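Participant: Line by line, the protein sequences are chains A and B.
Counting in the working numbering, the final residue of the first sequence is number 219, and the numbers go up one at a time with none missing.
Counting in the working numbering, the final residue of the second sequence is number 219, and the numbers go up one at a time with none missing.
Take these hints with a grain of salt, some might be off.
Note that the list lumps identical chains together, so a pair holds whenever it fits in one copy or between two copies.
[As the list claims (entries may be wrong)] EDC-like mimics (lysine to aspartate or glutamate), calculated; alpha carbons at most 20 Å apart, straight line:
1) K174 <-> E163
2) K64 <-> D136
3) K173 <-> E163
4) K64 <-> E52
5) K176 <-> E153
6) K38 <-> D199
7) K38 <-> E163
8) K38 <-> E23
9) K64 <-> E23
10) K38 <-> D105
11) K64 <-> E82
Since the hints were made in silico from the structure, they are not lab data.
From a predicted model like this one, the values you see are computed outputs, not experimental measurements.
What follows is each chain in one-letter form.
Number of protein chains: 2
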Amino acid sequence: MEVLGLSSSLLEGAVHELSRLPGVGKKTALRLALFLLKLEEHEVESFGNSIIKMRKEIQYCQNCHNISDTETCRICANPERNSGLVCVVEDIRDVMAIEATHQYKGLYHVLGGKISPMDGIGPNDLTIDSLISKAESGTIGEVILALSTTIEGDTTNFYLYKKLKNYPIQISTLARGVGIGDELEYTDEVTLGQSILHRKLFDDSLNT
Amino acid sequence: MEVLGLSSSLLEGAVHELSRLPGVGKKTALRLALFLLKLEEHEVESFGNSIIKMRKEIQYCQNCHNISDTETCRICANPERNSGLVCVVEDIRDVMAIEATHQYKGLYHVLGGKISPMDGIGPNDLTIDSLISKAESGTIGEVILALSTTIEGDTTNFYLYKKLKNYPIQISTLARGVGIGDELEYTDEVTLGQSILHRKLFDDSLNT
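Extracted from the complex, chain A is given alone in its bound form (with noise of 0.2 Å):
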């Protein structure tokens, strides 16, 4: 901290812990921190006692891994959702997405992370073992792999494949292509040779 040689170890303090936030540095955290000394002190009180409320309390769902208020979530409890469809993904951030498109009616399965040996992440410190009790019920008709397509994604895809391709199970992965309101110029080439590669018949009702 001595870097910015502030005058305060208080502040000091706030600065520090404020910029282990990713993406935050210290000058931004030093912004962040002026800007709570002038909330009420009964605001700052909530900001800093809603966090360490939600980092001792919160709970994940036993059977998704999701992030809930409930020992079952809210998608895992409703009773509508095709619980032998079962789509694996990083985080509730994923989670939230494809919620968002409406297009999905199965279950998730969060994972918590994608296996990276970079950052010491193994399939141990994933929920990996969770899901292939759910593949030995048998209940799961099919797995839909929904990581993202990096390096370490795809790593974690080929894991999954490995462990759960000899349960009879349907194992597919999202369509890849070029995004809807795309402009061909401007997609990398990967994308454009594999969306080529896996071409479509032409459909011309509005649904496909």
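With the hints as your guide, set chain B onto chain A.
Facilitator: Using the frame of chain A, we list chain B on its own:
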């Protein structure tokens, strides 16, 4: 928060609080909350408590109103500083910026903001009265107005000038001109115009 449709009210609460920070929207707040969830519980406690403690216990120097852990800040308490020279700045970041130059040996007066009717900040919300008291006490020989060159900064400068001009105090502002290392081509017209109007005699010594 229903825009994001989070599955946990604890997470929603934390995201809501985090999104109050300047420059942090709902999506960034969610990213920060998920980051905090992955930290150890004691780390998150120290994060939240350091912020609450800062807001509760922070003090302001009784002389210059800068943030300080003691009644009188390090700068005001330093007998080697020239107490007859007072530089008026907006907040602690400006103090740090000027201190980093190692060119200034006077004291500071931290206003705590700028007069900004749009944000509901009037002269009474700033430490202007305390500056006038200092002027009245007759211990100040020169006041440097070092506020930023925005409309609010200029308004505040002018307000302070009117308040101070009746005291036997020299009132100065920072020199404005083309920055050292800046290219003329990319300097805005107002700055360049001012730097021509206020040109100074060429001096081959390094100190000027």
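Participant: Each of the hints needs a verdict: does it hold here or not?
Facilitator: Hint by hint, here is what the structure shows:
no.	hint	result
1	K174 <-> E163	within (16 Å within a copy, 64 Å between copies)
2	K64 <-> D136	neither (24 Å within a copy, 34 Å between copies)
3	K173 <-> E163	within (15 Å within a copy, 64 Å between copies)
4	K64 <-> E52	both (18 Å within a copy, 10 Å between copies)
5	K176 <-> E153	within (11 Å within a copy, 81 Å between copies)
6	K38 <-> D199	neither (36 Å within a copy, 26 Å between copies)
7	K38 <-> E163	neither (32 Å within a copy, 23 Å between copies)
8	K38 <-> E23	within (12 Å within a copy, 27 Å between copies)
9	K64 <-> E23	between (24 Å within a copy, 12 Å between copies)
10	K38 <-> D105	between (31 Å within a copy, 12 Å between copies)
11	K64 <-> E82	within (17 Å within a copy, 34 Å between copies)
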